[in-house]
Structures are given as C-alpha cells and as structure tokens.
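*Asks:* Between the sequences and the hints, there should be enough to build the whole structure, so can you do that?
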Amino acid sequence: MLRVVDLAVGYGQEPVIEGVSLEVASGKFVSLVGPSGSGKTSILRAVSGLLKPVSGHVELNGASDSLGFLFQDDALLPWRTARENVALGLRIRKYSKDAAQTEADAWLARLGLDGFGARFPHELSGGQRKRVAIAQILALKPKLLLMDEPFASLDAIVRTRITQELLNWVEREHLSVLLVTHDLEEALTVSDTVYLLSQGPRARVLASYDVAIPRPRDIFASRKHTSFAPLLERLWHDMSDTMGSAEFEARR
Amino acid sequence: MSGYLKNIAVRRVLSLLVLVSVWEIMSRMGLINPFYAPAPSEVLRVVVSLFVEGTIFRHLEATFAAALAGLIIGLGLGIFLGFAAALISWVADVLEPIMLLLNAIPRVILAPLFVIWLGIEIPSKVALAVVLVAVLIFFAVYNGIKDVNQLLVDRVRTLGGGRMDLLREVYIPSVTAWVLGSLKVAVGFAFTGACVGEFVAATRGLGYLLQFAQSTYNAALTMGLIFLIMAFVLVLFFCAEAIERRLLRWRYRGSSEKTA
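Taken in order, these protein sequences are the chains called A and B. Letter by letter, the first sequence follows residues 1 to 252 of the working numbering. Letter by letter, the second sequence follows residues 253 to 512 of the working numbering.
Heads up, a few of these hints could be off.
What the hints assert, rightly or not - Partial pick of chain A residues on the chain B-facing surface, computed with a CB cut under 7 Å:
id, residue
1, LEU50
2, PHE69
3, ALA75
4, GLY89
5, PHE120
Just so you know, the hints here were simulated from the structure itself, not pulled from any lab data. Cβ atoms here follow ideal geometry from the backbone N, Cα and C, with glycine treated the same way.
*Replies:* This is how it looks when you write it as structure tokens:
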C-alpha cells in the first residue's frame, strides 16, 4: 500500500530524518515510535504531500485521494458546523450540497453524534470534536489512514473508547494505517508492525518489531497476550538506549 | 441587592441618572459655573431646539454622508489592499512601509492637505475618513491572512482542496472575523475623519458646528453636539456589533451540554 524509500526531510540545513525506509502493506496497521524530535510527524507530512522530501521518495499504491490524515489537533473549521465539517471533503470532491450533507449526517450517526450536526466545534466536547474529525476523514473512504497521535489530548476513558472503535472500523474495512505515537503500549496493542526511530536530527529507523497478537483485537485483551509483555520490555529498552545515547552525545 | 439591580444595564443607567441629577442640582444651586458646564437641562434644550428649528439637519446630512462614504470606501480599499499585499509579495514590499508609516502617525494631520487638494466640501472629509478606516482594515486583512491557522490550511489541503477551496473555506472566513472585529473601531474612525475634516475647514457638518460653538464660547451647544455625536456613533457601534454577531454566530453562539 505504502513504501517509503530512503526518505530525508528537513526544515533548515540539517535533515530531521535521513535514510528512512518503511512499508505499510495493504490492510496492515503500522506504528512509528521514537523520542521527541525524531521526525515522526515529518514522515507523515511527507507521505501526505504536505512536506517536500529533501531526498528519497514515497510510493503510494493508489491515488493520493485514497489517503486520510488524522492530525493531533482536530483541525475543524470553527465557522462550520459539525455536519459542514464532515461534508467538507465530500464538497471538495464535487458532491452536491444535499448529497454531501446527507452522507455527513450518516457518518455522524455512525460515530455516535446523531443530533449534533448543527453544532459548531466550540459547542462540542474534545471527544465529540475528535469523532467529527474521524467522520470527516472516514467519509472520504480512504484506503490508507495516517494518524499523528490523534487521541493524545483526550482523557483516558474517552481515548480508550475511541481507539477501540477506530480499531474495529480499520479491521472491518481492511484499512492500512500508519500511526505516530509516543505511547509504546498503544503502539503494540493496535499494530502489526512497530518501527522505532532514533533521536533526531538525522533520525533513522533503528529497528522494526512484528506484533503477533491475533485479530480482531480488543485493546484490553491484547495486553494480556503472552507476546505483549516481552515485546514491550524489548521496545522500552531499545527506546531507552537510543534516548540515553542521544543525551550522552549531547553532553559530550 | 434587589433582583433588577443585579442587572448590569440597569445599574449603568441608574449610575448615569444619578450623575446627571447631581450635576443638574449643583448647577441650579449655583455651585457650577454655567459658562464652563451648563446644566444638563440647558444642554438638552439647545439640542432639542436644533432639531425643532431644523438647523441641525443639513449638518447631520453632511457629517453622515462623509462618514458613511468614508467607511464604505475605506472598508473596500482596506480589504482590497490587504488581500493584494498578503497574496502578492511585491505588493506587500511596496505597501507595508507606507501603511506602517500611516499607522504610526496621527492620520488626522492629513486633514489640511486634503482641504488644499479637494476643497472645503465633503470630498476632503471623505478622504480623511477613508485614510483612517483603510489603514485599520488593511492591517486587519493582511494580518488575518498572514496569521491564518496553518493547521486549517493543511486540513483543507489533505482533504484534496486547491487554492479556491482554501480561499473559500479558510482565508475568507478567517479574514471576515478579523475585519468584523475591527468594524466597530472603523465606525468611530469614520466619524473622527468626518468631524475633524469639518473642524479644519467646512461650510456645514457637525464638526463645523462644533468649531462654531467653540469659537463663540457656547458651552451648551458644544456639549450638546459632543453628546449628539457620541449618541450617533454609539447607535452605529451597536449596529456594527449586531452585524458582527450575526455573521460570526459560530463564535458567539452559546455552548450547550457537552458529553464525552
């Protein structure tokens, strides 16, 4: 579905990431973890076309409109209602106003927001806004989902509930996902493969970990799987090592 | 405190009534020199006589015409130049220093120059109001576009939106919020331009009448005109606020129950 080959991305002179290669096979859930400043978000921005790579390339199997990007912030237009926000992508894709709004209402209902369509974003809770943002993306029926710590700002209960709902949806629709997260447990719970990035600048892929927990997954049951704890420990130690060596280099 | 006194509007009106009553009583008792501060009843009598005799109307017409024309032209010019500067870099290179200079100086000092160029009739007053309003609105639009939330731009782009989608969905609504936020100040600026222009040189207008009242040491007429101008600007101020609340209802509409 997606291949990132020898990617380098930078904002100034020094690249944030360099020589990064990774793959998201069709229907697979892949996570990127790494220390702060390791360029995880930059990889997603390069894949989505928001950022031009310095070198390397991104191969996307399918049209660019088969890609949906869920940001860390909900990024809803404050002057549009929930319904209009969900309909936005559909309107851009030349749906008629009525068709787009009907489709938007159906998506809001699917995400538990029936009756909230006429509200503006500031009239919704954080969890509700996040559901609107998810509806906005899923309404376009993407084949590949890019997610940049989309639920980090939510409280634990809402976060767990929305993560499980989205995971169910992804498994049912066989979507491919590239998730950026700081949370190692979350990464292992939802992913088929986890890539660990080194400390930036010039961050690169240090290792990848295959997660052998069967699907469909329940995010609580997954944590009790026999492979979960050893893999988490390995990932945690590898991550600590990369952060430790970076701190050591910084002091030197 | 009784129920209706908790209402802030009631408290404000009552405070004003108390202040005016004290002023009236002190004037009648001879504690205030009417040469400097005539009684409120005298000020009211002068204002009413201006309307009853009909002398005020030609002055009102001149001031309102200049202020409203200045407001409309200034809004149009400010929006056009703001968009041009934000979207075309060489226009910004040329306009930004001029606008910064015009913003830094008290722009009413241009009034005598406009009188020399455009004469003492309404066009010179309109020109001053235009300059006052256009500079304000230019920066509202220019900063509105420059400071647009980049996340919203990225959102529309990742949904497949092009330049026109960005303009329609992000830039225009964002700039509208900035412009409407400045509209109340712009109304005040437009009247400042008109009145100061009339103050400098004119044959009619509230500013002209004010200048006449001041030169004849007519404190009652001066105060009456000041209150009259304040009242008109206040009415327009509330109209501008009503327009802002209508067009920015997404910002003002109260939040209702929120659940997870």
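*Asks:* List in ascending order the numbers of the hints, as given earlier, that are violated by the structure.
*Replies:* The structure breaks none of the hints.
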